[in-house]
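*Asks:* Next come the chains, spelled out residue by residue.
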Amino acid sequence: MSLLQKPWIWSWIGTLAVCLVIIGISGLGAGTQVLSAALSFGTFFVIVAIGQMFVVTLGPGNVDLSIPACMTLASTVAMKVMGGSSTMLLPGLLIAIAIGTIIGLLNFGLIRLLRIPPIIATLSSSFLFQSTAIWYNRGLRVKPPEPLADFATAKLAGVPLLAILVLVLTVIMHVILHHSLFGRAVLAVGQNSRAASLAGIKVERTRLLTYLTSAVLAAICGFFLAGFSGGAALNMGEEYLLMSIAVVVIGGTSVAGGFANLPGLWGASLFMFLLVTMLNTLGLSAGIRLILTGAIIVGVIAISGRRGRT
Amino acid sequence: MTDRSAIVRLNGIGKSFGAVQALRDVTFHVAPGECVGLVGHNGAGKSTLMNILSGVLSPDTGELLFGDQDLAARYSVAAAKQNGLRCVYQELSLCPNLSVAENARITHPTIRGIGWRRKAATLITTWLDRIFPGHGIGPGDIVGELSIARRQMVEIARAFSATQTPVRLVILDEPTSSLDKASADQLLSFVGRFTETGGSVILISHMLGEILDSADRIVVMRDGGVVAEDATAAFDRARLVREMGSVLAEDAATPTAQARRQTDRVIVLPGENGIPLEVFKGEIVGLAGIGGQGQTDALLTLFAAANGTRNHAEITTEAAFVAGDRQTDGVFPGWSIRRNISIASIRQMVQHWLIDARKELGLAQDWQTRIGIRTEDLSNPILSLSGGNQQKVLFARALGSPAPVVLMDDPMRGVDIGTKQDVYAILKDEAAQGRSFVWYTTEMDELKHCDFVYVFRGGQVVSGLPRHQVTEANILRASFDAAAAA
Chain A
1 MSLLQKPWIW
11 SWIGTLAVCL
21 VIIGISGLGA
31 GTQVLSAALS
41 FGTFFVIVAI
51 GQMFVVTLGP
61 GNVDLSIPAC
71 MTLASTVAMK
81 VMGGSSTMLL
91 PGLLIAIAIG
101 TIIGLLNFGL
111 IRLLRIPPII
121 ATLSSSFLFQ
131 STAIWYNRGL
141 RVKPPEPLAD
151 FATAKLAGVP
161 LLAILVLVLT
171 VIMHVILHHS
181 LFGRAVLAVG
191 QNSRAASLAG
201 IKVERTRLLT
211 YLTSAVLAAI
221 CGFFLAGFSG
231 GAALNMGEEY
241 LLMSIAVVVI
251 GGTSVAGGFA
261 NLPGLWGASL
271 FMFLLVTMLN
281 TLGLSAGIRL
291 ILTGAIIVGV
301 IAISGRRGRT
Chain B
311 MTDRSAIVRL
321 NGIGKSFGAV
331 QALRDVTFHV
341 APGECVGLVG
351 HNGAGKSTLM
361 NILSGVLSPD
371 TGELLFGDQD
381 LAARYSVAAA
391 KQNGLRCVYQ
401 ELSLCPNLSV
411 AENARITHPT
421 IRGIGWRRKA
431 ATLITTWLDR
441 IFPGHGIGPG
451 DIVGELSIAR
461 RQMVEIARAF
471 SATQTPVRLV
481 ILDEPTSSLD
491 KASADQLLSF
501 VGRFTETGGS
511 VILISHMLGE
521 ILDSADRIVV
531 MRDGGVVAED
541 ATAAFDRARL
551 VREMGSVLAE
561 DAATPTAQAR
571 RQTDRVIVLP
581 GENGIPLEVF
591 KGEIVGLAGI
601 GGQGQTDALL
611 TLFAAANGTR
621 NHAEITTEAA
631 FVAGDRQTDG
641 VFPGWSIRRN
651 ISIASIRQMV
661 QHWLIDARKE
671 LGLAQDWQTR
681 IGIRTEDLSN
691 PILSLSGGNQ
701 QKVLFARALG
711 SPAPVVLMDD
721 PMRGVDIGTK
731 QDVYAILKDE
741 AAQGRSFVWY
751 TTEMDELKHC
761 DFVYVFRGGQ
771 VVSGLPRHQV
781 TEANILRASF
791 DAAAAA
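Protein sequence lines, in the order shown, are assigned to chains A and B. Residue 158 in my numbering sits at position 158 of the first sequence; the count goes up by one each step and never skips. Count along the second sequence from 1, then add 310; that gives the number in my numbering.
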């Protein structure tokens, strides 16, 4: 398969194009700075998008809408427990992961036991988690321990440290998707769940693991985002709902299920951040910016969709 | 039946898919009032030719003549319909979420306005009654909830039903493969009546008996070309098989595990009326009866029990499943042939947490040669294969898995004679080595390969026949009259 037929290539072509425009407008120096910022923010998109990608790949109707609430709840509880103390760092991270695990189990429980469609199950559970976060902390912003803030904003030769770690995570998830039993099972269930079950795949176990992965990654993302942005806030997950889905789709993962790829998540995350930055740099009014954002996303998906078909 | 009066004539048709030449220089015609039988092995080009005739594919070369007009350049599905062509595809094309009447409406745009559902219902019921009297299908039934046999009946009835343009030629691609014997007979007798009134039919079937009984003229295809064409009287079974390019093995149905029904029982499915379904090690057990009498459900129950998700049955080992309804139950449409084969054995291929790609390819190559899957490259998508070859992939998937029990849900649909004989041989070989098979089939000939046959009726086992009692008469009696079988 040639490079142009890869489903993720279009998100990268888009990123490159936007990059060139930004450099053209503001020069190479400012362009590099923007790119570094894109890596910082894009990293958080990628973490949640990995989980969302696995969920979407399970097939039509599978989507995790509880990602923002999960991020908020996990980071709020973790920050409050740590209370700014650096000795509590590890317990704080473990608590965030534990909350992600519980949320994943709850989501799957609603889907499996009560037979609620995933889109409704995760939407309603997200109200539950969001309200819990409000009740728990009354909307106060708790500062993260200093080492966490330092870690989340640290740079290695100009590249955010977190971005490097998430890149490693992406490679691991790539291997899991394409070369492990779990990945093969997710792809099989997404294409034809009945055939998967008749071929001996444990369909429900696969779905459980997938929703679990998504919630745990969202919790981890919330934990580090709180460190990055100076604390957990109730609205911190807001843009991550649509962003996680947009990044997955622009990255070339099939909404119909059964096809997924990891490189596209990075391309799409950078693209989304740079696109907004570029429109800002052009000094356009808010209305025009939103219209152009929508139009460009539609354009990228239309092009990649046409090329992707064989 | 001269060429001049032909409804449609194909001249020098060629078609290739990439490097694969699917059709080369095919000349073919159909006259009014004629039933043309079309036979050939899987991948011989029958379905491709029919797809060209019905406007789904356009030919690379050649003419497509209606009267004196060559339509090859501007032919389409709509043009085919306008010329009175209808096609019943091997892969069913009904919308599963709609009712029978709503599906009928899709191909009849002239049914409209208030009460369209009622009009469509009347139309489809009329044709179902005409072709399959006693079909038991309601126009309001949701298609997805019907058995594959009933879906096939709806598909056939819909193809013959006419509103605006008269139906002149109906292509039946493996129409009887999903039907039981009684419904298949109803269809073939209707085909006779249809051709008597001047309609034409192209009948594609691997059941050579049906072709010899129903067709006026037979066309044999091999490797993308027509190799023989003659009036039916000029053919017999042996010649057909010879022209198709394989040797007819004598009915070499030799018993494998004769009367060894005492030790090594691997399956018991208790029956509510007293006859349990038992399977022993190394045995081929057939499930017979009219289609849709609970045979598939029994297989699914056994499969669930083997996977530990349900325990209505006792099964001591793992089980693999060969789907008959391959679109719904079998094929992973986005995957390569290799991945489609390896999926049931994937747990055995894991080394250090990862799937060993070499082992996976080895398994696929092994079974490609053993069962003869026609492809140059196992990383081609499975949908690049013809229907019969896809079915071979499903066999390879189950037989290649380590499961000691293989459950087969009428798996020979659309499979040609040569392959069937290869598969029978593999089954016997595997049974001799201790594998057990539970085989639901609607074909009498296949039951002769079984060591023991259970006949189903109304969701129950009504009779268990050891090998020497497996005759068509015994099975029919048990299928229709539970009392006589007891």
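Just so you know, the hints here were simulated from the structure itself, not pulled from any lab data. Just to be clear, a hint being listed does not mean it is correct.
To be verified - Coverage of chain B stretches by chain A, computed from C-beta distances (three or more under 8 Å per stretch; other residues unrestricted):
#: 1; stretch: 411-425
#: 2; stretch: 622-633
To be verified - Subject to a maximum C-alpha distance of 27 Å in a straight line, what follows is the list of computed BS3-like cross-link-like pairs (lysine-lysine):
#: 3; chain 1: A; residue 1: LYS155; chain 2: A; residue 2: LYS143
#: 4; chain 1: A; residue 1: LYS80; chain 2: A; residue 2: LYS6
#: 5; chain 1: B; residue 1: LYS591; chain 2: B; residue 2: LYS491
#: 6; chain 1: B; residue 1: LYS591; chain 2: A; residue 2: LYS202
#: 7; chain 1: B; residue 1: LYS591; chain 2: B; residue 2: LYS429
#: 8; chain 1: B; residue 1: LYS669; chain 2: A; residue 2: LYS202
#: 9; chain 1: B; residue 1: LYS758; chain 2: B; residue 2: LYS491
#: 10; chain 1: B; residue 1: LYS669; chain 2: A; residue 2: LYS6
#: 11; chain 1: B; residue 1: LYS491; chain 2: B; residue 2: LYS669
Beta carbons are placed, not taken as given, at the ideal position from N, Cα and C, and that holds for glycine.
*Asks:* Compare the structure with each hint and give your call.
*Replies:* Now for the hints, and whether the structure bears them out:
{"no.": "1", "hint": "411-425", "in the structure": "violated (count 0)"}
{"no.": "2", "hint": "622-633", "in the structure": "holds (count 4)"}
{"no.": "3", "hint": "A:LYS155 / A:LYS143", "in the structure": "holds (21 Å)"}
{"no.": "4", "hint": "A:LYS80 / A:LYS6", "in the structure": "violated (44 Å)"}
{"no.": "5", "hint": "B:LYS591 / B:LYS491", "in the structure": "violated (30 Å)"}
{"no.": "6", "hint": "B:LYS591 / A:LYS202", "in the structure": "holds (26 Å)"}
{"no.": "7", "hint": "B:LYS591 / B:LYS429", "in the structure": "violated (55 Å)"}
{"no.": "8", "hint": "B:LYS669 / A:LYS202", "in the structure": "holds (22 Å)"}
{"no.": "9", "hint": "B:LYS758 / B:LYS491", "in the structure": "holds (16 Å)"}
{"no.": "10", "hint": "B:LYS669 / A:LYS6", "in the structure": "holds (26 Å)"}
{"no.": "11", "hint": "B:LYS491 / B:LYS669", "in the structure": "violated (42 Å)"}
Violated hints, in rising order: 1, 4, 5, 7 and 11; the structure is consistent with all others.
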